[in-house]
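Keeping the supplied structure of chain A fixed, place chain B upon it in accordance with the hints.
Number of protein chains: 2
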Amino acid sequence: MFIGIDVGGTGIKAGVVAKNGEILVEKSCPTLPKRDPRIVVDDLIYLIHEVINESKVNKDSIEGIGIGIPGIADPINGDVIECVNLYWRNIPLKEWILEEFDMPIYIDNDASVAALAEFETGSLKGTNNSVLLTLGTGIGAGIIINGKLHSGTHGVTEFGHTIVGENFYDCTCNRNGCLETFASATALIKYTKKIINESKEHTIILDKVENDLDKLDAKTIVDAAKEGDKLANRALDRLIKYLKIGLANIIYTIDPELIALGGGLSKAGNFLIDRLTKEVNNFKLFDDVDIAKIVLAKLGNEAGIIGAAMLCKNK
Amino acid sequence: MFIGIDVGGTGIKAGVVAKNGEILVEKSCPTLPKRDPRIVVDDLIYLIHEVINESKVNKDSIEGIGIGIPGIADPINGDVIECVNLYWRNIPLKEWILEEFDMPIYIDNDASVAALAEFETGSLKGTNNSVLLTLGTGIGAGIIINGKLHSGTHGVTEFGHTIVGENFYDCTCNRNGCLETFASATALIKYTKKIINESKEHTIILDKVENDLDKLDAKTIVDAAKEGDKLANRALDRLIKYLKIGLANIIYTIDPELIALGGGLSKAGNFLIDRLTKEVNNFKLFDDVDIAKIVLAKLGNEAGIIGAAMLCKNK
Numbered sequence: 082m083f084i085g086i087d088v089g090g091t092g093i094k095a096g097v098v099a100k101n102g103e104i105l106v107e108k109s110c111p112t113l114p115k116r117d118p119r120i121v122v123d124d125l126i127y128l129i130h131e132v133i134n135e136s137k138v139n140k141d142s143i144e145g146i147g148i149g150i151p152g153i154a155d156p157i158n159g160d161v162i163e164c165v166n167l168y169w170r171n172i173p174l175k176e177w178i179l180e181e182f183d184m185p186i187y188i189d190n191d192a193s194v195a196a197l198a199e200f201e202t203g204s205l206k207g208t209n210n211s212v213l214l215t216l217g218t219g220i221g222a223g224i225i226i227n228g229k230l231h232s233g234t235h236g237v238t239e240f241g242h243t244i245v246g247e248n249f250y251d252c253t254c255n256r257n258g259c260l261e262t263f264a265s266a267t268a269l270i271k272y273t274k275k276i277i278n279e280s281k282e283h284t285i286i287l288d289k290v291e292n293d294l295d296k297l298d299a300k301t302i303v304d305a306a307k308e309g310d311k312l313a314n315r316a317l318d319r320l321i322k323y324l325k326i327g328l329a330n331i332i333y334t335i336d337p338e339l340i341a342l343g344g345g346l347s348k349a350g351n352f353l354i355d356r357l358t359k360e361v362n363n364f365k366l367f368d369d370v371d372i373a374k375i376v377l378a379k380l381g382n383e384a385g386i387i388g389a390a391m392l393c394k395n396k
Numbered sequence: 082m083f084i085g086i087d088v089g090g091t092g093i094k095a096g097v098v099a100k101n102g103e104i105l106v107e108k109s110c111p112t113l114p115k116r117d118p119r120i121v122v123d124d125l126i127y128l129i130h131e132v133i134n135e136s137k138v139n140k141d142s143i144e145g146i147g148i149g150i151p152g153i154a155d156p157i158n159g160d161v162i163e164c165v166n167l168y169w170r171n172i173p174l175k176e177w178i179l180e181e182f183d184m185p186i187y188i189d190n191d192a193s194v195a196a197l198a199e200f201e202t203g204s205l206k207g208t209n210n211s212v213l214l215t216l217g218t219g220i221g222a223g224i225i226i227n228g229k230l231h232s233g234t235h236g237v238t239e240f241g242h243t244i245v246g247e248n249f250y251d252c253t254c255n256r257n258g259c260l261e262t263f264a265s266a267t268a269l270i271k272y273t274k275k276i277i278n279e280s281k282e283h284t285i286i287l288d289k290v291e292n293d294l295d296k297l298d299a300k301t302i303v304d305a306a307k308e309g310d311k312l313a314n315r316a317l318d319r320l321i322k323y324l325k326i327g328l329a330n331i332i333y334t335i336d337p338e339l340i341a342l343g344g345g346l347s348k349a350g351n352f353l354i355d356r357l358t359k360e361v362n363n364f365k366l367f368d369d370v371d372i373a374k375i376v377l378a379k380l381g382n383e384a385g386i387i388g389a390a391m392l393c394k395n396k
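Line by line, the protein sequences are chains A and B. According to my numbering, the residues represented by the first sequence are 82 to 396, in order. According to my numbering, the residues represented by the second sequence are 82 to 396, in order.
For reference, chain A alone in the conformation it holds in the complex:
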């Protein structure tokens, strides 16, 4: 039995998870990240006590605590190095939890944790080398190599910040050309706004947002594209062009057997997968050699808890 914790900008979720990935008990509390980090972590610790009590499992049967964070952690000492959304920097998270729970504690990035969940119980199950790419506000990748989560030497696998071209705006990391400035939901929205403002051509997107571009989200653009809107399809074509490059780059770096797409944008479903698969296959280096299959991720919100718990099994 493991404890899995999913720390997000809005809420903290904790669960008691069986070795097969089944969540026995789950509870959550708000993060309220503007508070002192020590207070937030005290809430997190309280939540662990609560799920253990509610599950009625013997505390001794719990083999470890895994935590997914929206940022990076030092793989050696378990310090949180940086979580921008939480205003956390150099927080000794592992040490603080160890004061209360004397058991193995593992901390990793949320994209890596989600990949591990997909590997244990979802779309990547049964693979040896595979990737979960999360397409949301940013882009993250969780990488499975040789049947193990690969989080890197310094805990910094930040695939969304690989450079794939030159873009009309800089990334939040202050560099130019990051994949996530071309192929995330944020990028799709920014580019669509840009071409709406520049082209003045008719688009049903404007009807959908009642002429208020502040209301524009990725789903609206995808919906308009599905309905045949030209401008929306142009924006989506650009996203696909660069996402194809991102996928090809990960394919020609580590050559996985399967890549699953998760995150908000993946809700575009087969509309996205079918076009991407076609584009990536047209972009192959060798006609005779198979490359990674592209599929949709399977798990939803519970991936965070399951994957975090599975960190205890992975190590």
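Zero decoy hints are in this set.
Which copy is meant is left open, because identical chains are indistinguishable; a pair holds if it fits in one copy or across any two.
Result set (SDA-like, lysine to any residue): computed pairs, CA atoms no more than 25 Å apart in a straight line:
#: 1; residue 1: Lys175; residue 2: Asp368
#: 2; residue 1: Lys271; residue 2: Glu247
#: 3; residue 1: Lys206; residue 2: Lys229
#: 4; residue 1: Lys274; residue 2: Val290
#: 5; residue 1: Lys374; residue 2: Asn171
#: 6; residue 1: Lys322; residue 2: Asn255
#: 7; residue 1: Lys115; residue 2: Leu366
#: 8; residue 1: Lys322; residue 2: Phe249
#: 9; residue 1: Lys394; residue 2: Asn227
#: 10; residue 1: Lys396; residue 2: Pro173
#: 11; residue 1: Lys396; residue 2: Gly207
#: 12; residue 1: Lys374; residue 2: Cys254
#: 13; residue 1: Lys322; residue 2: Gly345
#: 14; residue 1: Lys206; residue 2: Ser347
#: 15; residue 1: Lys396; residue 2: Asn209
#: 16; residue 1: Lys322; residue 2: Arg256
#: 17; residue 1: Lys140; residue 2: Asp123
Think of the hints as simulated: they come from the structure by calculation, not from any bench.
Using the frame of chain A, we list chain B on its own:
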């Protein structure tokens, strides 16, 4: 004891190699790749017999044969899928050798094999996650993850063909923007020729090649840059700009602890390493987190034999 074989476009080298990477006996023969592949492989088999006989080791003490090829091999059945320089396509290399030697046979790409040699006896020794990047006519990467060579699911780790921008000429793979069209020796020569032809400005490169640009090679450009030639430095700056992107991309994909540079261009030595290290560090995502150190590869021509032999130990 293993047999290591390095198949190149010009010559085939074979050696009897001890488990510690020491070459006991080494012999070579010309490849003459325009001949029937079966004849070339017969020569290769003859070479194996020769090194075994000359080494006087008992044939039973040889645990396997490893082969590095300048192309891609199917990791399951050992067929050579494609070696452009050898005019080989779908050659059942493993099967042909098995007819003569009934022992484990492993075949892998030469960049992967060179990385394994560096890992066992050279610059990558003692690392857990590391990369050898070979900068020559093209660019190749050999990747060590968790203390094992990672050759990918389909044997296609072709880092030189990851896309990092748009370029003024297409790659040999018919796509545009491949890293090796910006940062290989070939790319450096092409770009230097282009700016010499376009700018008409004075450069000592022209003196060095006696005004015959067909004589231009990467060493001449690097030498001119070291001597302070402006045009040569401009060409090298561009190479470094994109090599930095390539290094950052591999860093933010798999986060290795060490990246070694090999291949012809690496002969530029610390002149290259120092500038690259500075540029890559200026390009870091997180100030507080270390990233991969960049060093020179250590092994020379013998890396091919040693690494091929070590394939038997790696599997």
